[in-house]
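There are 4 protein chains.
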Amino acid sequence: MCPPSDHSHPIAVDAPDTATPGAAASPALIEDLVIANHILFDQGVVDAFGHISVRHDKRPDRFLLARNMAPGNVTSDDIVEFTLDGEPVDARGRKVYLERFIHGEVFRARPDVMAVVHSHSHSIVPLSVVKGVKLQAIFHMAGFVGQGAPVFEIRDFGGDSTDLLISDNALGRGLAGMFADADIVLMRGHGSTVVAKSIPQVVYRAIYAELNARYQLQASQLGDVTYLTAGESQACLDRVEGQTQRPWDFWKSQARERRRGTAG
Amino acid sequence: MCPPSDHSHPIAVDAPDTATPGAAASPALIEDLVIANHILFDQGVVDAFGHISVRHDKRPDRFLLARNMAPGNVTSDDIVEFTLDGEPVDARGRKVYLERFIHGEVFRARPDVMAVVHSHSHSIVPLSVVKGVKLQAIFHMAGFVGQGAPVFEIRDFGGDSTDLLISDNALGRGLAGMFADADIVLMRGHGSTVVAKSIPQVVYRAIYAELNARYQLQASQLGDVTYLTAGESQACLDRVEGQTQRPWDFWKSQARERRRGTAG
Amino acid sequence: MCPPSDHSHPIAVDAPDTATPGAAASPALIEDLVIANHILFDQGVVDAFGHISVRHDKRPDRFLLARNMAPGNVTSDDIVEFTLDGEPVDARGRKVYLERFIHGEVFRARPDVMAVVHSHSHSIVPLSVVKGVKLQAIFHMAGFVGQGAPVFEIRDFGGDSTDLLISDNALGRGLAGMFADADIVLMRGHGSTVVAKSIPQVVYRAIYAELNARYQLQASQLGDVTYLTAGESQACLDRVEGQTQRPWDFWKSQARERRRGTAG
Amino acid sequence: MCPPSDHSHPIAVDAPDTATPGAAASPALIEDLVIANHILFDQGVVDAFGHISVRHDKRPDRFLLARNMAPGNVTSDDIVEFTLDGEPVDARGRKVYLERFIHGEVFRARPDVMAVVHSHSHSIVPLSVVKGVKLQAIFHMAGFVGQGAPVFEIRDFGGDSTDLLISDNALGRGLAGMFADADIVLMRGHGSTVVAKSIPQVVYRAIYAELNARYQLQASQLGDVTYLTAGESQACLDRVEGQTQRPWDFWKSQARERRRGTAG
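As given, the protein sequences belong to chains S, C, U and Y, one line each in that order.
Basically the working numbering = 1-based index in the first sequence + 165.
Basically the working numbering = 1-based index in the second sequence + 165.
Basically the working numbering = 1-based index in the third sequence + 165.
Basically the working numbering = 1-based index in the fourth sequence + 165.
In case anyone wonders, no lab produced these hints; they're calculated from the structure.
Bear in mind the structure is a predicted one, so any value in this text is a computation, not a measurement.
Quick reminder that beta carbons are idealized off the backbone N, C-alpha and C, glycines included.
Certain hints may be false.
[What the hints assert, rightly or not] Derived DEER-like restraints, expressed as beta-carbon distance ranges:
# : chain 1 : residue 1 : chain 2 : residue 2 : range
1 : Y       : GLY209    : C       : GLY209    : 47 to 55 Å
2 : Y       : ALA193    : U       : ARG423    : 53 to 61 Å
3 : U       : GLY297    : Y       : GLY342    : 33 to 41 Å
[To be verified] List of simulated lysine-lysine pairs, DSS-like, C-alpha gap at most 27 Å:
#  : chain 1 : residue 1 : chain 2 : residue 2
4  : S       : LYS299    : C       : LYS299
5  : S       : LYS299    : S       : LYS260
6  : U       : LYS299    : C       : LYS299
7  : S       : LYS296    : Y       : LYS417
8  : S       : LYS260    : S       : LYS296
9  : C       : LYS296    : C       : LYS260
10 : U       : LYS362    : Y       : LYS260
11 : Y       : LYS296    : Y       : LYS362
12 : U       : LYS299    : Y       : LYS260
13 : C       : LYS417    : C       : LYS299
14 : C       : LYS362    : C       : LYS299
15 : S       : LYS417    : C       : LYS417
16 : Y       : LYS362    : Y       : LYS223
17 : S       : LYS260    : Y       : LYS417
18 : U       : LYS260    : C       : LYS299
19 : C       : LYS260    : S       : LYS362
20 : S       : LYS417    : S       : LYS223
21 : U       : LYS260    : C       : LYS417
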């Protein structure tokens, strides 16, 4: 193993504020984004890595994302506004996530998407590297997974010696293109990105995608699996995601309880 | 993936109070139901979803179940009375669980049953989708599982495009019918329902059914498994469930300790 | 499933005090036994079930064991003295563990043994039911496991319709006989019993037997496994168990920290 | 099983202070070493066993390591200075880790290495004993693992009846020699040793090596796996490890929060 080269580009990067600030995002939206960071950590979807964004509620060509830091400690002061090109509006010298291009390009490609989670959760990573295996809806809570989630193979876009990260807009566009017929895309040897109409829904999906992967790993070892049909997936999606308020309220109450009396 | 359609029926529903209130249930019964909700959450049997009911101790044609909410936060004010048809008696505008029909129809079909748990615990779901595999008693704590738990395949009752949920009395009756010779029924791609003579016993069974499933998943990967014989299952059931007070007292003390000083 | 029969014998039993009290056991020994109960719970070896005993330090024909209760809540007031026949000396009406015969008969058969743990830990149970598989030392911390732990098949002693429990002295003697050449015996569909020269050592062994089982389950799924040789097992046993004070001190400090400020 | 022999050498040993103290190490370095002990415990890499060392910042021929104790409770008063031969400089009668020879010989063989972790984490041990299987980089966070970590088979150095421990300088040199082309070496039936340029980096690597092993165990059971190419491993290493400050800051904040108000 060689040491990091002088030309390495860290995951946390400095980026100048090149765009003009506009109307401020709703404080309620920012508060939801903060608590979503905590929930994703509490539920084991992210550790010190992974991130969640939301489209700006006043300007659909902008999105909000924490500065470069561990999600579990994010506060409202840590939220930065970005253009869809991934340029920070108000970073004011704070380092930002290298992989912000995932969010910008997905928001651009899917105007209906309001929130995006990128993570490396524990059962998604192994599923992403097994040849011929696709994440597929196995239970009623994960209808959004559908009949076989696409897998983003970065070798098709950047050759076989990349760092696997979505480190520029071109790679972001490659990944975003796979969301044409899917709300979740696995990334080989890396993790997944999942999209939804709201913060509660995308948090719900990130948590249940991990569970679906876990159950699929376990069931596949025992024999042939009965997956959901396309009709079942759609019906489950319609029904279960008709409201995600129940789990959201609960996870929020837990996240607040855990942080009671702490600085964070 | 399409967005939820306008005609979707959420898991939490509004239902008018159509039945007449009668004698109030025992406060001790309600207290046990509340703590059972907490225990099932603490032990990982339910997350933000899943529910437990108890038959009304004054009126066997009624049962008690929390309003639509996460079990971990239930208080006595959240308990709602229902008829066996699943009609709320005193919801007073609070949303109720869509799947209350599971409880009503099982209480109707099995007059000996006093308590019901429906959940999606982590090892039950994968076992429910493997073709040709049945949950089977593997250790002395799970004699109630017997020699192969039936699996409810909703396609046999509602076709291959349902949302997998027990969303009306007809589906509830279909499921309830499978309890003729069993105290636990798996539901393909969904979870399980387990019944017992009391709240402590049904909580015990929900927890140990999950463990039995977990051990079965692990053992099956290594080779042929020696399951309990019918005689062993029955003897274990007689012996171990002769009293469930020991674990119940312990889980209760833990649940209270964890909630000490919290709002809940 | 039938309800418990009228003739069922619960796990917790009433037993009259038939023996004469003698010299009191050392308070330090009782304190270690109490904290050992807590450690075994904290480390996941026991849940609401399972128990640990120690030989009486003044009378080798007696042993100490908690009254019938969950190990995590045991205090010094809950410790009961027993004869090797499993007769309580000072139960004073408190219910006792049905399976106390495990401890008495093992102490009788193995005069060198000072402490015994019986448990149903999560990786031991599945290993106990796979045909042709034996728990075998896989890493340096588990030399005491040796070259293949015997499995107690209760059908050989009580037929194929027992409740799998060691509910009398005859079954206890059957189990104890398997400790002639082993310090750990698996019990099919039930769990394991492990013995040692002291409380810290038996706690150590119960914890690391579970880890050995877990690693063995995982490794066996990937291919042929290199187990420890007999020479390695013995050398590891000599070296690692030469002192168990390091983990014992640490587990004890954790157990006390967790119970700080609680009633227990 | 025989009892420990009279000639057994415990894991904790007494060693006289034979070398001369020199310039004191930086307090900041010692503080980082203390918190690293806590993080490795919190993240499940070590339990009551395992250790982390750092090269002395004033004298490259010395290193710092805790006295013999569980890492989770280490304080700055517990840090001892050693020569590369493993001789304590200031143990002052406190017992030291038997396996300090791992650290000394690796620091000697690899002048570029500044920090070393030796542990028995839960997925590394099973991978270390499966014939023909090597730990291999499976995701972008573990580029440092490379194309197949070497496995140290102690039978090649000490015969087939050792205690598997690195109990002298000769065995330490045997292990250290395997770091010529690797930053992580598995030890059959024992665990692993991982090296890096700094404390934060070696902690990062120990945590993510365990995750890589866990994902590899799971993925291998499902089919053929796409591992990282050599180019991808190197690019991931360059990029991701260009900074490990993000996870380090987060783990540190968690470790401090957990120990708030405790004696430790």
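How the hints compare with the structure:
A beta carbon spacing of about 18 Å between GLY209/Y and GLY209/C contradicts the range 47 to 55 Å that was offered as a hint. At about 32 Å, the CB distance of ALA193/Y to ARG423/U disagrees with the hint of 53 to 61 Å. Taken as a hint, the range 33 to 41 Å holds for the pair GLY297/U and GLY342/Y, whose Cβ atoms sit roughly 39 Å apart. Distance restraint check for LYS299/S and LYS299/C: the Cα-Cα separation of roughly 25 Å lies within the 27 Å cut-off, and the hinted pair is therefore satisfied.
Between LYS299/S and LYS260/S the CA atoms are separated by roughly 35 Å; this puts the pair beyond 27 Å, and the hint is violated. With a C-alpha separation of about 25 Å, the suggested pairing of LYS299/U with LYS299/C holds against the 27 Å cut-off. Note on LYS296/S and LYS417/Y: the hinted pairing is violated, with a Cα-Cα distance of about 38 Å set against a maximum of 27 Å. At roughly 37 Å between alpha-carbon atoms, LYS260/S and LYS296/S are farther apart than 27 Å, so this suggested pair is violated.
Between LYS296/C and LYS260/C the alpha-carbon distance is near 36 Å, which puts this suggested pair outside the 27 Å criterion. Of the pairs offered as hints, the one joining LYS362/U and LYS260/Y holds, with about 23 Å between alpha carbons and a cut-off of 27 Å not exceeded. Between the alpha carbons of LYS296/Y and LYS362/Y the distance comes to roughly 31 Å, so the proposed pair goes past 27 Å and is violated. As the CA atoms of LYS299/U and LYS260/Y are separated by approximately 37 Å, the hinted pair breaks the 27 Å bound.
For the hint linking LYS417/C to LYS299/C, the alpha-carbon distance of about 31 Å lies beyond 27 Å, and the restraint is violated. For the hint pairing LYS362/C with LYS299/C, the CA-to-CA distance comes to about 24 Å; that is within 27 Å, so the pair holds. At most 27 Å may separate the alpha-carbon atoms for a hinted pair to count; LYS417/S and LYS417/C meet this at roughly 24 Å. A threshold of 27 Å between alpha carbons decides the hint, and for LYS362/Y with LYS223/Y the separation of about 16 Å falls inside it, so the pair holds.
Distance check on the hinted pair: LYS260/S and LYS417/Y sit about 19 Å apart at the alpha-carbon level, within 27 Å; holds. Distance hint between LYS260/U and LYS299/C is unfulfilled; the C-alpha atoms sit about 37 Å from each other, more than 27 Å. For a cut-off of 27 Å, the pair hint linking LYS260/C to LYS362/S stands: about 23 Å separates their Cα positions. For the hint pairing LYS417/S with LYS223/S, the CA-to-CA distance comes to about 25 Å; that is within 27 Å, so the pair holds.
For the suggested pair LYS260/U and LYS417/C, the alpha carbons sit about 19 Å apart, so the restraint of at most 27 Å is met.
Hint compliance for this structure: hints 1, 2, 5, 7, 8, 9, 11, 12, 13 and 18 are not met, and every other hint is.
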